[in-house]
Structures are given as C-alpha cells and as structure tokens.
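Undergrad: Build the full structure now, drawing on both the sequences and the hints.
So the protein lines, in turn, are chains A and B.
Heads up: the first sequence runs through residues 1 to 180, numbered per my numbering.
Heads up: the second sequence runs through residues 181 to 605, numbered per my numbering.
Hints were generated in silico from the structure; no laboratory data involved.
Misleading hints may appear alongside valid ones.
[To be verified] Not the full set, but computed from the structure, chain A residues with beta-carbon under 7 Å of chain B:
#, residue
1, F27
2, Q30
3, E34
4, W67
5, V78
6, P109
7, G110
8, L152
[As the list claims (entries may be wrong)] To be clear about the criterion: a stretch of chain A counts as covered by chain B if any three or more of its residues have a C-beta under 8 Å from a C-beta of chain B, and this derived list gives those stretches:
#, segment
9, 16-23
10, 51-63
[What the hints assert, rightly or not] Below, simulated DMTMM-like cross-link-like pairs (lysine to aspartate or glutamate); rule was C-alpha separation at most 20 Å, straight line:
#, chain 1, residue 1, chain 2, residue 2
11, A, K148, B, D454
12, B, K269, A, D149
13, A, K91, A, D14
14, A, K148, A, D95
15, A, K22, A, E51
16, B, K560, A, D69
17, A, K148, A, D98
18, B, K560, A, D149
19, A, K148, A, D69
20, B, K396, B, D477
21, B, K264, B, D279
22, B, K264, A, D149
23, B, K560, B, E272
24, A, K15, A, D69
25, B, K446, A, D29
26, B, K424, A, E54
27, B, K525, B, E272
28, A, K91, A, D131
29, B, K525, B, D501
30, A, K15, A, E38
31, A, K91, A, D140
32, B, K273, B, D477
33, A, K148, A, D97
34, B, K264, A, D69
35, A, K15, A, E51
36, A, K91, B, E206
37, A, K15, A, E42
38, B, K504, B, E487
39, A, K148, B, D501
40, B, K269, B, E518
A virtual CB, placed ideally from N, CA and C, is assigned to each residue, including glycine.
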Amino acid sequence: MSGYYRREHADLIDKTFPGAVKEIVEFRDQVRLEIDREHLLEIITFCRDTEGLEFNYLSELNGVDYWPDAPRFSVNYVLYSFLHNHLLQFKVRLDDDDAVLPSITSIFPGANWPEREVYDMFGIRFEGHPDPRRILMPYDWTGHPLRKDYPLGYEEVQFTFNIDRVEVNKPVPSPRPREE
Amino acid sequence: MDVSRIDLTDTTHIESDRETVEVALEELRGLVSPRAFTGDTLLLNMGPQHPSTHGVLRLMLELDGENVISCLPDIGYLHTGIEKNMEAKTYEKALVMTDRIDYLNNLGNNLAFSLAVEKLAGIEVPPRAQYIRVILAELQRIASHLVWLGTHILDLGATSLLLYTFREREYILDIFEEISGQRMMTSYIRPGGVWYDVTENFLPMIRRFLWYMPRKIDDYEAILTQNPILIERMQGIAVISPEKAIEWSLSGPMLRGSGINYDIRKAMPYSSYDHFEFDIPTYPGGDTYDRYRVRIDEMRQSLRIIEQAANNLPGGPWRTDNRKYVPPPRSELGHSMESLIHHCKLWTEGYRVPAGEVYVRTESPRGELGVYMVSDGGTKPWRVRYRTPTFWNLQSIGWMSEGHMVADLVAIIGTIDVVLGDCDR
Numbered sequence: 001m002s003g004y005y006r007r008e009h010a011d012l013i014d015k016t017f018p019g020a021v022k023e024i025v026e027f028r029d030q031v032r033l034e035i036d037r038e039h040l041l042e043i044i045t046f047c048r049d050t051e052g053l054e055f056n057y058l059s060e061l062n063g064v065d066y067w068p069d070a071p072r073f074s075v076n077y078v079l080y081s082f083l084h085n086h087l088l089q090f091k092v093r094l095d096d097d098d099a100v101l102p103s104i105t106s107i108f109p110g111a112n113w114p115e116r117e118v119y120d121m122f123g124i125r126f127e128g129h130p131d132p133r134r135i136l137m138p139y140d141w142t143g144h145p146l147r148k149d150y151p152l153g154y155e156e157v158q159f160t161f162n163i164d165r166v167e168v169n170k171p172v173p174s175p176r177p178r179e180e
Numbered sequence: 181m182d183v184s185r186i187d188l189t190d191t192t193h194i195e196s197d198r199e200t201v202e203v204a205l206e207e208l209r210g211l212v213s214p215r216a217f218t219g220d221t222l223l224l225n226m227g228p229q230h231p232s233t234h235g236v237l238r239l240m241l242e243l244d245g246e247n248v249i250s251c252l253p254d255i256g257y258l259h260t261g262i263e264k265n266m267e268a269k270t271y272e273k274a275l276v277m278t279d280r281i282d283y284l285n286n287l288g289n290n291l292a293f294s295l296a297v298e299k300l301a302g303i304e305v306p307p308r309a310q311y312i313r314v315i316l317a318e319l320q321r322i323a324s325h326l327v328w329l330g331t332h333i334l335d336l337g338a339t340s341l342l343l344y345t346f347r348e349r350e351y352i353l354d355i356f357e358e359i360s361g362q363r364m365m366t367s368y369i370r371p372g373g374v375w376y377d378v379t380e381n382f383l384p385m386i387r388r389f390l391w392y393m394p395r396k397i398d399d400y401e402a403i404l405t406q407n408p409i410l411i412e413r414m415q416g417i418a419v420i421s422p423e424k425a426i427e428w429s430l431s432g433p434m435l436r437g438s439g440i441n442y443d444i445r446k447a448m449p450y451s452s453y454d455h456f457e458f459d460i461p462t463y464p465g466g467d468t469y470d471r472y473r474v475r476i477d478e479m480r481q482s483l484r485i486i487e488q489a490a491n492n493l494p495g496g497p498w499r500t501d502n503r504k505y506v507p508p509p510r511s512e513l514g515h516s517m518e519s520l521i522h523h524c525k526l527w528t529e530g531y532r533v534p535a536g537e538v539y540v541r542t543e544s545p546r547g548e549l550g551v552y553m554v555s556d557g558g559t560k561p562w563r564v565r566y567r568t569p570t571f572w573n574l575q576s577i578g579w580m581s582e583g584h585m586v587a588d589l590v591a592i593i594g595t596i597d598v599v600l601g602d603c604d605r
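TA: Right under this line is the structure:
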C-alpha cells in the first residue's frame, strides 16, 4: 500500500498548527501524526476543507489501550481523500483519569457508532456526541471490556488463600462478606 | 386462585406498570419525536428474533400508522468479544477467530488479517499465493452475494429464488472443501501465503464453475431485474445522495449504488488485484434497486477476475520461504537441524512480529474491511481491530428509513446486506 500516504501532508499540518503535532511516525509506508486533543477538531476540519488535502472520508476510528504505559489510551483516526486517493492517520493519546475527547460527529456524522463503540469498550467519553450510550455491551454493563486490565474470562476459582489475588483482577469489587 | 376474590378496584399493579413504561420513555427523549410522548405515534419493537432482520438485529420503530417516523437500531446481540480474545492468542490462533467475524466472508477476513501481519512483518508473498488468494476472495464475494440475493428477494416475497442461490453457493463451498477440508470456516489464507497448495481438482472445478455460473446469473436477472413487483418494491426506496454516502462513511455497494465509482481493489490494489482487468459497476440512482444492480454486476466482474487468475495461475511456491513465519516442510525435518528448531519454535511460542501499528484496507462483499493491528513485538497481537463494513453501514438505517413504510424496512435491511456477526464481532 505504498504511495498512499504523503509526508508533505504531515509537514503542512505541523506548519499550520505549531505545537499541536507531537510526533510524526513513518512506519511501513504509513504516516501517522500524534496530535493533542485541543487541536483535534481544528485539524480534522482543516484536513477536510483545505485544497490539496481534501480528506473528506472517515475511513476508520478506533481505540487502543497501552496499559500500563502512560498516557494510557489512544484514539486513532484514519482519513481518506476520494479526490487524491490519499490516506492519513491521526492519533490522540489520553490519560486514564482524563479520558475525554471532543466528538467529531459534527464533521463526520458517520463517526457516531464508532465513537459509541470506543466509549463502550474503553470508557473514553466524547463531548458533544448526540447519543452517548453503550452500543455492543448491554446497557447495564459495568466495566469496559477492551481495557487491558479487564479480565478475559476463565477467572481463577476463588479460594481463601488466593482471595486477594483474584479480587485484584475483577473489574468491580465483589460485595463485602457479611459480618457474623 | 379463586377469580371471584380478585379486587378489581385495586389499581396498584397498573400504576407500577405505568412507572416502568415512563422510565423507559425518558431514555428515548431526543431520539424519538415528541409525538411519541403524547401517544400520537406508536412505539414498536422489531426483532431481535424477527426472520427478516438477517440475524439478531433489533429495531425500535416509531410508527404513525404504516409510516416510519424514526428507527433506532439496537445491536450487540451477537457480540462475542472476538477482538478481546485475539489479544490473548498467538497470531496463528487469532487467525482462526477471524473466520467467525463475518460468517459469509470467511476467506476475506483471513486475507485482511494476513495482509496486516505481512505488512507489520514485511513478508513478501509469492505470486502463486497471491493469485490463489484473489480467486478465493472473489469466489467468496460471489457466495456472499448469492446469500444476500436469496434472502433479500425472499424478504420481498419471491420465495423460490433462495433455493436457486443456495444451490449455486453450495458449489462454491464444495471448492472450499476441496482445497481446505472445510466448507465455511476454512482458515486457509494465512500470513505468508496459503495453508497448502491447491489440489489438482481445483482448476477443473473452477473451470466448470466459470462455465456454469454466468447462465445462472442470467437466470436470476430474467426472473428479477424487470419484474414489476420487485421494481415497485425497490425503486425509490432508501435513496442515498453521493454527498451523504461519503459523510456517513458508507462503503462498498452502498457507495457504488450512489454513483461513486470507488472500489479499494482498484484504488489501492492489494494481493495483485492490479494484474486483472475488471470494471467497477456503478449506478447513479442511489436507491435499493440500483444497489441490487451493482451487486448482480459485481458477481459477473468477479467471474471475470477468477477467469483471468485461473488462466494465468503461476507456478512456484504457495507460501513464503521465510521460516521465521511459516513452518518448514515435513520432509526437511528429518535432516535439517535448523528446520527442526523453526518447527519447534513456531508450534510452541509462535512467531514474533516487529513492534508497530498498521492499518490495511480490503474490499469485502459489503464494503471496506480494514484491520488496524498493533504489535508490541511479542508473539500475540497487542490489539487487532476489525473495521467491519456492516457496523459502519448499518448506523445509517435510521435516516435511510425515515418516511418509508414498515414493509419497506425489510427491503432497507436487505439492501445494507446486514451480517450481524460482522457488525457485532
């Protein structure tokens, strides 16, 4: 898939928004910009409306959990341009205690369900989202399954000798035993 | 219980029922029209076990008589946590799970996963494997479109076509069984190439299929394309303008039915799709009928690709000789220590993929099937994200169905080509 990413696009964005781009990664012919949260909406709008870029299609939106690294989460955007046949990737890193992002549904309405999925799976909230409910998990579910500290299942059977170790892995602490 | 002793004046249970209903309504405020709260319109639940929802899709409908005022899709009934499961498995084991995501596009899912691993690891795939992959992906596209055609037309009232399309699909599944031993969950396309070389019956079966299938597609078209009942049911239903299709991130036949000449196989060729000559069927109307025409024409184009690939199928190896990723042949194990070590490493800890992140895009029968893969350098993927076309296309069902009748809704579900396994993962 070589030749569909352009380094110039990343440099242009870096020049237009000084300080907003933290890192430009080139890996296997793909270009990814790590940007900060405050400039997300401006940069995405800029990419859509600027002549020569015209990234008018949201190809992908997803989340990744890098726990125990910090900042813990990242939300990734892949934009595509029908006019020029170009792709560009963006990444926003977020901390666990402040996992809030502005929603891009005002720019791309198609981001509606993907953002709901990222909320459902990682617990990242999107400000300004028209319908911020869970989507894949049941509405009364606790926890966010794709977080790395969420157990996969097959939980260890709890005995008296390992009760503390099992308890650590639970997304929600079990109720305290009743005082006799 | 003695019926005569029931106190008919006691209304407490009715009051408590009303409370439940009002709490549920409160959650819908802003999602349905204000008329639903005064009782002017009817809130009706459709699914998740409705036969025309192609699986387990639940739709919350707000109806004014027969007209749909708003439609709220509710998904997740088939969510099995495949992405989470993959993170705990080696790459080879995770590949087996990809078959189960989109159960009508098994080989396409294998292909997307393999392309992502190959991209991360920088593996070169030999041309024979690439051609076999193309043949299988196109066979799978035809098989998927046959299921779509049968069920979509069944929903619209033509019962017998389902039997015809499943008869032809069975022929394709026989080819899959011939090469891999499995009809559906093949896991045949693997990182580095394919599992094994195709059998000697493979090409004769393809030839027979190429002789047999075009006239069957002609038969379907003779039954359907000019059929006045179907035209009545499909024309003008769920019209999507090109601008709206792009801003809602629709892909695949949903784009091409709106007049956008776009196909990832052409725009960003992968797995040597650029070696073949084929057209992208595009129709400008944007309604259900045009999407039907697009998919029918896609089957013919797939046959063209299969024919070219089968005629020019190169010889040589069917998987890479990079022993860090694919196991050595059995014959080498007896005399090569190196091969024995590779064999042992591959079947115990698996292979290590260089750290990094990539996004690969493929064209599945339903649209853009992408894989975003994050590797931390270990033997298990850190994160595998399937960007599945049904999930992105289905979110538009709300605005697509507004202003249509309930009976049109089954046509709209059919035209999105819903596969709930693809949607919920």
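Undergrad: For each hint, tell me whether it holds in the structure or not.
TA: Evaluation of the provided hints:
Given the 7 Å rule on beta carbons, the hint for F27(A) holds: about 5 Å separates it from the nearest Cβ of chain B. Checking Q30(A) against chain B: minimum C-beta separation of about 6 Å stays under 7 Å; hint holds. A hinted interface residue such as E34(A) counts as satisfied when its beta carbon comes closer than 7 Å to some beta carbon of chain B; here the least separation is about 11 Å, so the hint is violated. At its closest, the beta carbon of W67(A) sits 11 Å from a beta carbon of chain B; the interface hint therefore is violated under the 7 Å criterion.
Proximity of V78(A) to chain B holds as hinted, the smallest CB-CB distance being about 5 Å (cut-off 7 Å). Hint status for P109(A) relative to chain B: holds, with the closest Cβ pair at about 6 Å, below 7 Å. With 7 Å as the threshold, the beta carbon of G110(A) comes within range of chain B, its nearest partner Cβ sitting at about 3 Å, so the hint holds. Taking 7 Å as the C-beta cut-off, the interface hint given for L152(A) holds, the closest approach to chain B being about 5 Å.
Figure legend: the segment 16-23 of chain A, annotated as covered by chain B; annotation inconsistent (0 residues with Cβ-Cβ distances under 8 Å, at least 3 required). Interface restraint, the segment 51-63 of chain A with chain B: holds (6 residues with C-beta to C-beta distance below 8 Å; minimum three). The hinted pair formed by K148(A) and D454(B) fails the criterion: a straight-line CA distance of about 40 Å is larger than 20 Å. For the proposed pair K269(B) and D149(A), the alpha carbon gap of about 16 Å is at most 20 Å, so the pair holds.
For a cut-off of 20 Å, the pair hint linking K91(A) to D14(A) stands: about 14 Å separates their Cα positions. This hinted pair checks out: K148(A) and D95(A) have alpha carbons roughly 14 Å apart, not beyond 20 Å. Note on K22(A) and E51(A): the hinted pairing is violated, with a Cα-Cα distance of about 24 Å set against a maximum of 20 Å. Restraint check for K560(B) and D69(A): the C-alpha separation of about 18 Å stays at or below 20 Å, so the hint holds.
Between the alpha carbons of K148(A) and D98(A) the distance comes to roughly 17 Å, so the proposed pair stays at or under 20 Å and holds. At most 20 Å may separate the alpha-carbon atoms for a hinted pair to count; K560(B) and D149(A) meet this at roughly 16 Å. Between K148(A) and D69(A) the CA atoms are separated by roughly 11 Å; this keeps the pair inside 20 Å, and the hint holds. Restraint check for K396(B) and D477(B): satisfied, since their Cα atoms lie roughly 13 Å apart, inside the 20 Å limit.
Distance restraint check for K264(B) and D279(B): the Cα-Cα separation of roughly 15 Å lies within the 20 Å cut-off, and the hinted pair is therefore satisfied. Our distance criterion of 20 Å between C-alpha atoms is met by K264(B) and D149(A), whose separation comes to about 11 Å. The suggested pairing of K560(B) with E272(B) holds, with an alpha-carbon distance near 9 Å, which does not exceed 20 Å. In summary, the hint linking K15(A) to D69(A) is not supported, as the alpha carbons are separated by about 29 Å, beyond the 20 Å threshold.
Using a Cα cut-off of 20 Å, the hinted pair K446(B) and D29(A) holds, with the two alpha carbons roughly 19 Å apart. Under the criterion of a C-alpha separation no larger than 20 Å, the hint pairing K424(B) with E54(A) is consistent with the structure, at around 16 Å. Of the pairs offered as hints, the one joining K525(B) and E272(B) holds, with about 13 Å between alpha carbons and a cut-off of 20 Å not exceeded. For a cut-off of 20 Å, the pair hint linking K91(A) to D131(A) is broken: about 23 Å separates their Cα positions.
This hinted pair checks out: K525(B) and D501(B) have alpha carbons roughly 16 Å apart, not beyond 20 Å. Between K15(A) and E38(A) the CA atoms are separated by roughly 16 Å; this keeps the pair inside 20 Å, and the hint holds. Taking the CA atoms of K91(A) and D140(A), the gap is near 30 Å; set against the 20 Å cutoff, the hint is violated. Restraint check for K273(B) and D477(B): not satisfied, since their Cα atoms lie roughly 36 Å apart, outside the 20 Å limit.
A hinted pair counts as satisfied when its Cα atoms are at most 20 Å apart, and K148(A) with D97(A) qualifies at roughly 15 Å. For the hint linking K264(B) to D69(A), the alpha-carbon distance of about 19 Å falls within 20 Å, and the restraint holds. For the hint linking K15(A) to E51(A), the alpha-carbon distance of about 16 Å falls within 20 Å, and the restraint holds. With a CA separation close to 36 Å, the supplied pair K91(A) and E206(B) exceeds the 20 Å bound.
A hinted pair counts as satisfied when its Cα atoms are at most 20 Å apart, and K15(A) with E42(A) qualifies at roughly 14 Å. Simply put, K504(B) and E487(B) have alpha-carbon atoms about 34 Å apart, too far for the 20 Å limit, and the pair is violated. Between K148(A) and D501(B) the CA atoms are separated by roughly 35 Å; this puts the pair beyond 20 Å, and the hint is violated. The straight-line distance between the Cα atoms of K269(B) and E518(B) is roughly 26 Å, outside the 20 Å bound, and the hint therefore fails.
Of the numbered hints stated above, those contradicted by the structure are hints 3, 4, 9, 11, 15, 24, 28, 31, 32, 36, 38, 39 and 40, listed in ascending order.
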